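Chains as they are written, first to last, in my numbering: chain E, 3 to 505; chain F, 3 to 505.
Careful, some of the hints might be misleading.
No copy labels: a pair is met if it fits in one copy or bridges any two.
As a list, the in silico DSS-like pairs of lysine-lysine whose alpha-carbon atoms are at most 27 Å apart [what the hints assert, rightly or not]:
| id | residue 1 | residue 2 |
| --- | --- | --- |
| 1 | Lys49 | Lys34 |
| 2 | Lys408 | Lys119 |
| 3 | Lys469 | Lys119 |
| 4 | Lys108 | Lys469 |
| 5 | Lys5 | Lys108 |
| 6 | Lys17 | Lys469 |
| 7 | Lys469 | Lys58 |
| 8 | Lys49 | Lys5 |
| 9 | Lys108 | Lys58 |
None of these hints come from the bench; they were simulated from the model.
This structure is a prediction, so every number in the text was calculated from the model and none was measured.
Protein chains: 2
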Amino acid sequence: MQKNQLFVGTFVHSKSLNQLEYLHDAAIAVDKSGKIVAIELQFYDQKQAAEILYAKLGWDDGDVQVRACEEGQFYFPGFIDTHIHAPQYPNAGIFGSSTLLDWLNKYTFPMEASLAKLPRARRVYGQVVRRTLSHGTTAAAYYATIDVAATNLLADLCLAAGQRAFVGRVCMDRLAPDYYADEGGPDAVLARTRETIDHMRRIDPTGDIVAPILTPRFAPACSDGTMEALGRLARSDDLRVQTHISENVGEIALVRELFPDAADYASVYDGFGLLTPRTVLAHAVHLTEAEAALIHRRGAKVAHCPCSNSALTSGECRVRWLLDRGVGVGLGTDVSGGYAPSVLEAARLACLVSRHLAMPYNAQGDGRRAPADIDDEERARATLSVEEVLHLATRGGAAVLGLEHKVGGFEVGMEWDAQLIGLNMVANDEHDDGNADGTGSVEKSSGGGVGGVGADEGNVDIFGWEKWDERIAKWVYNGDDRNTKMVWVKGRLVHQRPSSTSS
Amino acid sequence: MQKNQLFVGTFVHSKSLNQLEYLHDAAIAVDKSGKIVAIELQFYDQKQAAEILYAKLGWDDGDVQVRACEEGQFYFPGFIDTHIHAPQYPNAGIFGSSTLLDWLNKYTFPMEASLAKLPRARRVYGQVVRRTLSHGTTAAAYYATIDVAATNLLADLCLAAGQRAFVGRVCMDRLAPDYYADEGGPDAVLARTRETIDHMRRIDPTGDIVAPILTPRFAPACSDGTMEALGRLARSDDLRVQTHISENVGEIALVRELFPDAADYASVYDGFGLLTPRTVLAHAVHLTEAEAALIHRRGAKVAHCPCSNSALTSGECRVRWLLDRGVGVGLGTDVSGGYAPSVLEAARLACLVSRHLAMPYNAQGDGRRAPADIDDEERARATLSVEEVLHLATRGGAAVLGLEHKVGGFEVGMEWDAQLIGLNMVANDEHDDGNADGTGSVEKSSGGGVGGVGADEGNVDIFGWEKWDERIAKWVYNGDDRNTKMVWVKGRLVHQRPSSTSS
Numbered sequence: 003m004q005k006n007q008l009f010v011g012t013f014v015h016s017k018s019l020n021q022l023e024y025l026h027d028a029a030i031a032v033d034k035s036g037k038i039v040a041i042e043l044q045f046y047d048q049k050q051a052a053e054i055l056y057a058k059l060g061w062d063d064g065d066v067q068v069r070a071c072e073e074g075q076f077y078f079p080g081f082i083d084t085h086i087h088a089p090q091y092p093n094a095g096i097f098g099s100s101t102l103l104d105w106l107n108k109y110t111f112p113m114e115a116s117l118a119k120l121p122r123a124r125r126v127y128g129q130v131v132r133r134t135l136s137h138g139t140t141a142a143a144y145y146a147t148i149d150v151a152a153t154n155l156l157a158d159l160c161l162a163a164g165q166r167a168f169v170g171r172v173c174m175d176r177l178a179p180d181y182y183a184d185e186g187g188p189d190a191v192l193a194r195t196r197e198t199i200d201h202m203r204r205i206d207p208t209g210d211i212v213a214p215i216l217t218p219r220f221a222p223a224c225s226d227g228t229m230e231a232l233g234r235l236a237r238s239d240d241l242r243v244q245t246h247i248s249e250n251v252g253e254i255a256l257v258r259e260l261f262p263d264a265a266d267y268a269s270v271y272d273g274f275g276l277l278t279p280r281t282v283l284a285h286a287v288h289l290t291e292a293e294a295a296l297i298h299r300r301g302a303k304v305a306h307c308p309c310s311n312s313a314l315t316s317g318e319c320r321v322r323w324l325l326d327r328g329v330g331v332g333l334g335t336d337v338s339g340g341y342a343p344s345v346l347e348a349a350r351l352a353c354l355v356s357r358h359l360a361m362p363y364n365a366q367g368d369g370r371r372a373p374a375d376i377d378d379e380e381r382a383r384a385t386l387s388v389e390e391v392l393h394l395a396t397r398g399g400a401a402v403l404g405l406e407h408k409v410g411g412f413e414v415g416m417e418w419d420a421q422l423i424g425l426n427m428v429a430n431d432e433h434d435d436g437n438a439d440g441t442g443s444v445e446k447s448s449g450g451g452v453g454g455v456g457a458d459e460g461n462v463d464i465f466g467w468e469k470w471d472e473r474i475a476k477w478v479y480n481g482d483d484r485n486t487k488m489v490w491v492k493g494r495l496v497h498q499r500p501s502s503t504s505s
Numbered sequence: 003m004q005k006n007q008l009f010v011g012t013f014v015h016s017k018s019l020n021q022l023e024y025l026h027d028a029a030i031a032v033d034k035s036g037k038i039v040a041i042e043l044q045f046y047d048q049k050q051a052a053e054i055l056y057a058k059l060g061w062d063d064g065d066v067q068v069r070a071c072e073e074g075q076f077y078f079p080g081f082i083d084t085h086i087h088a089p090q091y092p093n094a095g096i097f098g099s100s101t102l103l104d105w106l107n108k109y110t111f112p113m114e115a116s117l118a119k120l121p122r123a124r125r126v127y128g129q130v131v132r133r134t135l136s137h138g139t140t141a142a143a144y145y146a147t148i149d150v151a152a153t154n155l156l157a158d159l160c161l162a163a164g165q166r167a168f169v170g171r172v173c174m175d176r177l178a179p180d181y182y183a184d185e186g187g188p189d190a191v192l193a194r195t196r197e198t199i200d201h202m203r204r205i206d207p208t209g210d211i212v213a214p215i216l217t218p219r220f221a222p223a224c225s226d227g228t229m230e231a232l233g234r235l236a237r238s239d240d241l242r243v244q245t246h247i248s249e250n251v252g253e254i255a256l257v258r259e260l261f262p263d264a265a266d267y268a269s270v271y272d273g274f275g276l277l278t279p280r281t282v283l284a285h286a287v288h289l290t291e292a293e294a295a296l297i298h299r300r301g302a303k304v305a306h307c308p309c310s311n312s313a314l315t316s317g318e319c320r321v322r323w324l325l326d327r328g329v330g331v332g333l334g335t336d337v338s339g340g341y342a343p344s345v346l347e348a349a350r351l352a353c354l355v356s357r358h359l360a361m362p363y364n365a366q367g368d369g370r371r372a373p374a375d376i377d378d379e380e381r382a383r384a385t386l387s388v389e390e391v392l393h394l395a396t397r398g399g400a401a402v403l404g405l406e407h408k409v410g411g412f413e414v415g416m417e418w419d420a421q422l423i424g425l426n427m428v429a430n431d432e433h434d435d436g437n438a439d440g441t442g443s444v445e446k447s448s449g450g451g452v453g454g455v456g457a458d459e460g461n462v463d464i465f466g467w468e469k470w471d472e473r474i475a476k477w478v479y480n481g482d483d484r485n486t487k488m489v490w491v492k493g494r495l496v497h498q499r500p501s502s503t504s505s
């Protein structure tokens, strides 16, 4: 059982889509179950916070662990990865110039198939969970493989590490390669899926940390019978569903060919009862107006995976367009279509991809591209701000996974899924008198030292004059796992960098 | 004076635009002046290499420093940053949703003006040089500010740190804000520029490490008189020139308005004698066919800055289109239009931006964008491979800066500008018998350990079954400064991570 905990310092979280809230000199009390039980603003020191709060909460001094931010550090909600393929992690960064359908056959299926060997699965999945935690991912929706035992192992590892995880055995009984097919027909597919569901319910009966999610790979890879069966199970057991939609033009053409009677790609899933308020749809790059409207009506949500969409030349997901239509959006790393296991990288790329959508093409009329037929203002609106992508990375992702009342922000009653962020404070020697020409200083500090390069402080250099929103922007654009000093899930410390001291 | 050096292990460098060469079990001998004097392939151990080479070179055992790669490490040529604004470094990552012209006034000019205070300039420039070295940048073309003393200080710092640098005092005597104007007319502008040229010739008479570069900010910011004077000086002193071209549509419209008689943007520079074989043109996003042809005829080169072009919504530079037209291209970070001081990040983004150029738009015909009027094959050709962006980052950049016979690859007669790259070798416990379900291992290694997360090994996880080209792809997509263990310029060790041992 954990102790009660008091966190003191600066807290930053998303208030609304385009607004971050900054709580300075604040204190958050987290009880033994990991729940936020009090948030107090404007304390000037830890002692005062403790006195007032302990009395109010009936806490005993000796039963509280206190943690205070250091200068420039802040607490931020844990990141939520709404779409990641754990078994593909060893292929991160490897895709050549392939696009979706050839990439699946060349890189993905052989790697996934190889994880039927449990020692290999253990090695790969262990590293995925460690890595994603180190990047601040406190909750993730994982695709596993078709293999029951390896899928169960992934659930075991997430539970042991304390990472919230929805783990899905991949269902794929159509168009699969011989060496990696989900065999035996829909009943067998469903039975194997049930085995993994039962396992997760057994190891985590509350489903608080680990829970199952139904995972039809994508429409072209599932027989009608399997999709029908999964739709029925989703309804009967109120289970989450994750799948892919409209990622790539070749894929969309294939769906049209395989389902000639369906109005569109979204309608294929809808016809099988797989478009529910608990459904996560990865990509959604090329949706039509009719599909967006249907998805909105059904309450399904979208996992936006910008790293993947750029790397696999899939397209640019119109996030603003989706939000305008009332469709909920979170971020996904989509490892290994996406090259990075970091939601922060996904947030950065979400900013950049939105700018590609906003670019004015063909300025010189040289036939490079025809001008878009939407107007400039509409185009400029496509741009996502730092505040907006951080909203998608936390609150947005929480809503996509149905966790919006539990995690994603700092509110009384929510659970403490958080990361402690630290940036590199560049030493201020501007008032030194000696060595005014400064030629010696590079030599001296080259290769390290606290706050210098080479330390574990990462690449975000803070000179001290930046406003808080500028610090956050610097973090989003240049931050990495070195800035994530500690990570908690439900109050439990699940990751800590070796160089960080716990105060 | 340095010792002779013998480097032993794996060497990877660019052979041609789309081909990397891998030299395993090889040895490279570098003499005291920093020059590569021998490259020997297929040694099986260091002792054998030493025996054969020392005899051949007349080297004495006691006068050689030997460095061997560790498992999985390799030597790679230093990166070349063909476009970076040193004074804008503190703004890296800060641009809100601004585009070029408002960004200049809101963020850039105030920051640059503030560096007239030398202690501040020393602090900022010192950090820029440390950071870029730590990312493997062995040569850079720097914009400084209009200030003479601060520009000279930047040159001093580069020389002291041992980073090859072309340092340019920024000329901008038109449309500048009151607080940051290059005053007094063309003669005064030229005199100030000459002061910095003289300083650099004094501190590094050979120009081997630090040399001046003429820097008209961009056409709209320079009077005709100043551009004329700079053009004359470039010719008389055979000086390098750097400027911006065709980055942003608003900028292009402004140029058209300010220079109504010029055929196009490139012709403006050409008219003043500023388009020479020693000219670096940053961005070149929206060039016309006529401009590309003119630039090719003059032998000027392009600094492609993908991070900046995406972040400032400038556009997507058609690198393949430029290469097809015979225009030389290197990579630039363009800090702080670009958010990162890392050429590796620029290489990664060059891959991604090229894929945005290759995307098939408007698959659903929903009016999002009109289909491009170039065919699919042409579009697919836009995609740049990992090999190609690494070529741009090394050989390409060297050619842009006129250093192609000195650096950018490993050849006898070239100088030893190199980085030692190390990736994270994931421990192989696949054959362990105990703990087969693996649930304990995450706990155990969480938070660090050699090769685990949290160590200084970075995010590139190598499982051991990857081919060499796959390791390189992983490095490009997930690498950072943690993978750059040591950096040399002209044989001198100029950066070393604290965790690295020099053998």
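Tested hints:
Taking the closest pair of Cα atoms, Lys49 and Lys34 come within 27 Å of each other only inside a single copy of the chain (20 Å); across copies the shortest separation is 61 Å, beyond that limit. For a Cα distance limit of 27 Å, the shortest separation of Lys408 from Lys119 qualifies neither inside one copy, at 36 Å, nor across copies, at 50 Å. For a Cα distance limit of 27 Å, the shortest separation of Lys469 from Lys119 across copies, 21 Å, qualifies, whereas the shortest one inside one copy, 51 Å, does not. Taking the closest pair of Cα atoms, Lys108 and Lys469 come within 27 Å of each other only across two copies (14 Å); inside a single copy the shortest separation is 47 Å, beyond that limit.
Taking the shortest alpha-carbon separations for Lys5 and Lys108, neither the intra-copy value of 49 Å nor the inter-copy value of 48 Å comes in at or below 27 Å. For the identical chains of this complex, Lys17 and Lys469 are intra-copy neighbours only, at 18 Å inside a copy versus 46 Å across copies, given an alpha-carbon limit of 27 Å. With identical chains, the CA atoms of Lys469 and Lys58 are never at most 27 Å apart, being 34 Å at best within one copy and 61 Å at best between copies. For the homomeric pair Lys49 and Lys5, the shortest alpha-carbon distance inside one copy (18 Å) is at most 27 Å, but the shortest distance between copies (59 Å) is not.
Taking CA atoms no more than 27 Å apart as the test, Lys108 paired with Lys58 passes in neither setting, with 60 Å inside one copy and 47 Å between copies.
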